[in-house]
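Visitor: Take the sequences, apply the hints, and build the full model.
This is what each chain is made of:
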Amino acid sequence: MSNNIINQGATPFCIATITSPLSNLTGDGTIETLICDTVLLGSGYNTSTGVFTAPLSGDYLAVVTFDFTGVSSTNTPCISKIVATSGIFQDKEFNSGNSRLSTGQLIGPSSLVPVYMDLGDELSVTFQIFGTPKVVGLGTSTIFSIMRFA
Amino acid sequence: MTNLCNTNIQPYILSSLALVNNVTGNGTVYTTLWDLVHYQNNLTISGSGVMTCNVGGIFLFCIRPEASNVTSSSASSAIYNLVTTLRTIKFSAMNIGAWRSQASLAQLSGYAIAQLQTGDTAYITIQISGTTQTIGLNSVSQLSVMRIF
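Chains as they are written, first to last, in the numbering used here: chain A, 1 to 150; chain B, 151 to 299.
A portion of the hints provided could be inaccurate.
[Stated by the list, open to error] Distance windows between CB atoms, simulated:
id, chain 1, residue 1, chain 2, residue 2, range
1, B, H188, A, T74, 29 to 35 Å
2, B, Q267, A, T140, 34 to 40 Å
3, A, V51, B, T268, 30 to 36 Å
4, A, P77, B, S251, 33 to 39 Å
5, B, T238, A, Y116, 29 to 35 Å
6, A, T33, B, L236, 23 to 29 Å
7, A, A150, B, N204, 34 to 40 Å
8, A, N24, B, A168, 31 to 37 Å
[Said to hold, decoys possible] Not everything, but these chain A residues come out facing chain B in the computed CB check (under 8 Å):
id, residue
9, T65
10, S102
11, L112
[To be verified] Anything over 12 Å on all C-beta distances counts as not near chain B; from chain A, calculated:
id, residue
12, F13
13, G29
14, L34
15, T53
16, P55
17, V63
18, D67
19, G87
20, N95
21, G108
22, S124
23, Q128
24, K134
25, T142
26, S145
Simulated from the structure, these hints should not be mistaken for lab results.
All C-beta atoms in this analysis are idealised placements derived from N, C-alpha and C, irrespective of residue type, glycine included.
Guide: The following block contains the structure:
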């Protein structure tokens, strides 16, 4: 078999989302782990813990889009991080109160982070928003994806 | 052989927009016309902005539309979707007025991983509300799509 051949069945990837909206996760600075309840495609993601475990060593690409709900004008920083065995990558810090819609919804900006993972390494996503009581939740447009690309 | 692909012929697109004016702002849903295709390989894009997948797989979409003429009065919402045959992925729902620069420009990047089967289509829609139909898209806007496997 020549080089440049990829076996799709063996290429790790996973796409997961939230099908039941979650409320009162943060807003008061609480650091929450993103836990998607449904795997749309692929495998390796634990819907109880929000942790993806690498079935093969390699370079992975993690893509996350949050669908925050209940965001108000007094919510200030929103911080999200990719937490991997190999390190913690702070990916976003922005003013969620200014960026929200009048409905309190805020989708994006998306994150795209390349991470090297050894076999068995774990990766999860955390988020925190400050400025109000714990009233910020997550909606059904939240999506977490990861795939090995090299 | 099933489930095998040659990385030398991975389908991809890198394209950008010609400047367009007055396409949204009043809630009109605009399908972006990626009419300047710099590279295209086994993933075609039509003049109406619709991509058609010729080899199914898992694709990475990198979307960087830059809205122009974004004033504070158009601050209500910007909703950007990636619409595929299988699923619509909303990659932005934000107050674009708060993101605009002094030049009244606002670039919201979005990323998505999506599955496309052979023959599936995908396109990007942009809907901005809160003003009249005076918002356009700048030519620095770009779309990159790559089949990962």
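Visitor: Work down the list of hints and note, for each, if the structure agrees.
Guide: A quick look at each hint next to the structure:
no.: 1; hint: B/H188 / A/T74: 29 to 35 Å; result: violated (44 Å)
no.: 2; hint: B/Q267 / A/T140: 34 to 40 Å; result: violated (23 Å)
no.: 3; hint: A/V51 / B/T268: 30 to 36 Å; result: holds (33 Å)
no.: 4; hint: A/P77 / B/S251: 33 to 39 Å; result: violated (21 Å)
no.: 5; hint: B/T238 / A/Y116: 29 to 35 Å; result: holds (32 Å)
no.: 6; hint: A/T33 / B/L236: 23 to 29 Å; result: holds (27 Å)
no.: 7; hint: A/A150 / B/N204: 34 to 40 Å; result: violated (23 Å)
no.: 8; hint: A/N24 / B/A168: 31 to 37 Å; result: violated (46 Å)
no.: 9; hint: T65; result: holds (6 Å)
no.: 10; hint: S102; result: holds (6 Å)
no.: 11; hint: L112; result: holds (4 Å)
no.: 12; hint: F13; result: violated (6 Å)
no.: 13; hint: G29; result: holds (22 Å)
no.: 14; hint: L34; result: holds (15 Å)
no.: 15; hint: T53; result: holds (18 Å)
no.: 16; hint: P55; result: holds (14 Å)
no.: 17; hint: V63; result: violated (5 Å)
no.: 18; hint: D67; result: violated (7 Å)
no.: 19; hint: G87; result: holds (20 Å)
no.: 20; hint: N95; result: violated (8 Å)
no.: 21; hint: G108; result: violated (4 Å)
no.: 22; hint: S124; result: holds (17 Å)
no.: 23; hint: Q128; result: holds (19 Å)
no.: 24; hint: K134; result: holds (22 Å)
no.: 25; hint: T142; result: violated (10 Å)
no.: 26; hint: S145; result: violated (4 Å)
Checked against the numbered hints given earlier, this structure breaks hints 1, 2, 4, 7, 8, 12, 17, 18, 20, 21, 25, 26; the rest are met.
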